[in-house]
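Student: Residue strings, one per chain:
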Amino acid sequence: MNLKDIIKPEHCIILTSRTKTEALLELIDLVKSGGEISDIEDLKKEIFFREQLMSTGIGQGIGIPHVRFEGVQHPVILVGISPEGIADYGSMDEKPVNIVFLFIVGKEQHKEYLRLLSLISSRVKDENFRNILIKTEESSEIARLLSDGETR
Amino acid sequence: MSRFITEVMHILNQADLNVILLLGIIVFFGTFGGRLFQVLKIPQVVGYITVGIILGLSGIRFINLSILNALQPFNAFALGLIGFMIGGELEISTLRKFGKQFTYILLMESLGAFFFVSLFISILGYILYGNLPFAVSLGLLMGAIASATAPAATTDVLWENKTKGPLTTTVLGIVAMDDGVALLLFAFASSIASSLLGKTDAGVVLSILRLVYEIGVAVLLGVLIGFILNKIIRNFNDEDKILAFSLGALLLLIGLAQVLEVDMILGAMSMGFYISNYAPKRSEETFNLVGKFTPPIYVLFFVLVGAKLNIANISIIVGILAVVFLFGRLLGKALGATLGASLSKAPLGVRKYLPFCLLSQAGVAIGLSIVAGQTFKGSVGDVIIMVVTTTTFVVQIAGPPFVKYAVTKAGEVGLNITEEDLIKKSKADDIADRSIPHIRETDNITKILNLFSERDNFYYPVVDKDEKLVGIVSIDHLKDTFIASELSDYLLAYDIMEPVICTCTPDTEATEIRNDLKRFDIQSMPMVDKEGRVLGMIENRGLQQLFSRRIAQLQMKAKTLEDS
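Chains as they are written, first to last, in our numbering: chain Y, 1 to 152; chain G, 1 to 564.
FYI, nobody ran anything at the bench for these hints, they're computed from the structure.
All C-beta atoms in this analysis are idealised placements derived from N, C-alpha and C, irrespective of residue type, glycine included.
Treat the hints with caution; some may be incorrect.
[Unchecked claim] With a straight-line cut-off of 20 Å between C-alpha atoms, the simulated EDC-like cross-links for lysine to aspartate or glutamate are:
(1) Y:K45 <-> G:D464
(2) Y:K32 <-> Y:E10
(3) G:K468 <-> Y:E46
(4) Y:K125 <-> G:E498
(5) Y:K111 <-> G:D529
(6) Y:K111 <-> G:E441
(7) G:K479 <-> Y:E108
(8) G:K479 <-> Y:E112
(9) G:K530 <-> G:D464
(10) Y:K111 <-> G:E498
(11) G:K162 <-> G:E419
(12) G:K465 <-> Y:E46
(13) Y:K111 <-> G:D480
(14) Y:K111 <-> G:D489
(15) Y:K107 <-> G:D464
(16) Y:K45 <-> G:E441
[What the hints assert, rightly or not] Here are the computed distance ranges between Cβ atoms for each label pair:
(17) G:L40 <-> Y:K107: 32 to 42 Å
(18) G:K465 <-> Y:D88: 18 to 28 Å
(19) G:I423 <-> Y:K4: 51 to 61 Å
(20) G:K231 <-> Y:K107: 52 to 62 Å
Make the full structure from the sequences, and use the hints.
Tutor: Right, dumping it as structure tokens:
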């Protein structure tokens with residue numbers, strides 16, 4: 001599995017929102033209605049329900065909201081960078097979240113889903129890399145940085 | 001309404017022209033009666049007989065004498081089937097193990113009944129008729145008849161209740177073999193009666209020779225046809241052909257036994273015995289198939305037994321003799337069986353409850369009474385036929401409930417059960433694991449891993465805060481989380497659970513559950529209440545284990561009964 005194939009430039013943005021809810025909505029807006037995800041409202045509901053169960057802020061400024069969604073054939077990862085940080089994310093370490101990876105995978109894609117989560121989390125383990133990501137000013141850079149890291 | 005009944009009776013009276021319609025009515029209503037009695041907790045065979053009584057000579061006479069004669073061949077078929085099935089249940093190892101027990105009990109209970117009935121009837125006969133040779137002849141002949149026990153009704157109760165254990169084994173062995181003893185005693189009684197009544201007699205030696213022929217040829221015939229059948233079906237895998245050939249061989253045997261005038265039940269039994277002991281594994285299927293074929297034949301047989309009984313023939317003297325006969329027979333069988341069982345150190349259940357299982361009489365008793373009637377024309381013969389018909393009537397009705405009582409008390413009911421029977425009888429509540437811990441949707445992987453390491457289950461229900469079922473965590477999905485083990489604290493049951501495809505309630509039949517597991521290709525099914533709250537969990541693999549364990553337990557129980 002290649003992050004290059006999954007993380008698309010048009011799915012990466014520099015977030016303008018300062019709150020968790022707004023940030024997540026901003027990311028979800030990147031998903032085009034129709035296609036594999038037919039019901040965007042339902043998708044939103046699912047994502048916020050999961051956040052309600054437990055926040056996906058795993059610390060070190062990273063949030064990994066994720067959802068298994070009916071009908072999805074090809075996993076989608078939406079990436080949002082918030083240079084200022086989202087303070088109300090509810091992270092484990094109570095620090096603001098700067099990098100959000102939003103995973104949308106198929107209901108049956110249990111293994112792919114875990115693999116992607118693992119790939120991303122090991123990718124951002126390096127503090128220097130995280131800092132480079134946060135400092136990115138062009139959203140088109142984000143996808144390149146993430147998939148470049150893979151081959152490097 | 002009355003016009004309607006007349007019309008119906010008119011149609012029914014024409015029915016004796018149509019054997020198929022007759023068989024249909026008999027088997028249909030017979031089975032219905034059996035089921036009705038079963039619901040009332042009375043052995044089904046009593047229901048069949050009762051339907052027979054209602055339809056027959058004592059009732060509305062829909063089944064009249066000519067019909068009874070026309071359907072006679074089916075009786076032979078039924079008795080042959082019964083003999084065959086009993087033979088199939090007797091194993092050489094059982095005979096070796098219980099040989100001494102069988103011999104003691106068989107001799108004691110037969111001779112006990114013979115002795116007491118002979119004594120009582122002789123005394124009563126002398127009081128009633130004032131003629132000693134007449135009284136003693138009557139006594140001896142009826143004593144010999146009293147020693148017979150009918151296998152049909154008794155074994156039907158055993159099979160209906162799926163019994164297993166020493167009492168079952170003993171009863172099967174005894175009821176199957178005491179025909180031989182009864183024939184022997186009858187030959188003996190017959191020759192003494194002949195000389196007492198001044199009849200020209202064939203002599204004891206000839207009677208014995210005749211008996212040796214009847215029993216010996218029957219056994220030889222059974223073994224021979226069993227041998228041939230075994231050779232033929234050895235190369236068959238096709239169930240239909242095995243069934244057809246087996247029934248064909250059995251019919252051949254029954255017919256030949258009738259032509260050669262030898263004991264048909266013994267012949268069929270020898271055949272069953274030979275096949276089951278010569279090729280135990282392979283013949284199991286044969287007996288299964290034939291066993292599945294038997295129910296309608298049995299129903300027919302017992303309805304006809306009931307139809308044949310004619311209450312109108314009972315006079316006061318016959319009534320008194322019948323009561324004495326029954327009492328003497330009961331006393332003799334009970335004392336003999338208990339004594340024989342004690343002397344041979346039979347298990348406790350056999351000693352205590354065997355006497356209750358030896359009441360039934362049918363074909364052989366009536367057959368012998370008819371032979372007596374033909375041999376001793378005049379009052380002795382007539383009295384015997386009427387008394388034996390009357391007592392047979394009573395024991396046919398009273399016998400089966402006593403057998404049921406005995407096997408229930410001896411704890412042998414339901415021990416001869418297959419996995420299939422168990423599944424049919426079970427509901428979700430019997431097979432679900434109610435102690436299964438519920439995983440909350442907010443539990444993280446680390447917590448779930450701990451749970452899996454502490455317990456043997458492979459599937460756990462996931463519930464929300466209201467205890468309602470939302471998913472299942474399986475060991476497979478849990479295993480996959482090792483891929484992202486660094487996230488174990490951040491991933492929840494909610495993230496890795498599988499959707500629930502199918503649930504059951506405590507009342508769901510186990511058969512249905514097994515089918516659904518197969519149909520949806522799933523390994524587990526949660527049991528929930530009406531509101532969707534989790535009550536327990538059923539695992540496919542646990543289901544198999546559970547049933548094999550229960551079967552093993554039942555077999556252990558049957559084994560412990562043997563040693564008691």
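Student: Hint by hint, say whether it matches the structure.
Tutor: Status of the hints after comparison with the structure:
1. Y:K45 <-> G:D464: 16 Å, holds
2. Y:K32 <-> Y:E10: 11 Å, holds
3. G:K468 <-> Y:E46: Distance of about 18 Å is within 20 Å: holds.
4. Y:K125 <-> G:E498: 29 Å, violated
5. Y:K111 <-> G:D529: Outside the cut-off at roughly 32 Å; violated.
6. Y:K111 <-> G:E441: 19 Å, holds
7. G:K479 <-> Y:E108: Holds, at roughly 16 Å.
8. G:K479 <-> Y:E112: 14 Å, holds
9. G:K530 <-> G:D464: 16 Å, holds
10. Y:K111 <-> G:E498: 12 Å, holds
11. G:K162 <-> G:E419: 13 Å, holds
12. G:K465 <-> Y:E46: Holds, at about 17 Å.
13. Y:K111 <-> G:D480: 6 Å, holds
14. Y:K111 <-> G:D489: 18 Å, holds
15. Y:K107 <-> G:D464: Holds. K107 (chain Y) to D464 (chain G) sits at ~19 Å (cutoff 20 Å).
16. Y:K45 <-> G:E441: 16 Å, holds
17. G:L40 <-> Y:K107: 32 to 42 Å: 53 Å, violated
18. G:K465 <-> Y:D88: 18 to 28 Å: Taking Cβ atoms as reference, K465 (chain G) and D88 (chain Y) lie about 23 Å apart, which means the hint holds.
19. G:I423 <-> Y:K4: 51 to 61 Å: Holds - the Cβ-Cβ distance for I423 (chain G) and K4 (chain Y), about 53 Å, lies within 51 to 61 Å.
20. G:K231 <-> Y:K107: 52 to 62 Å: 60 Å, holds
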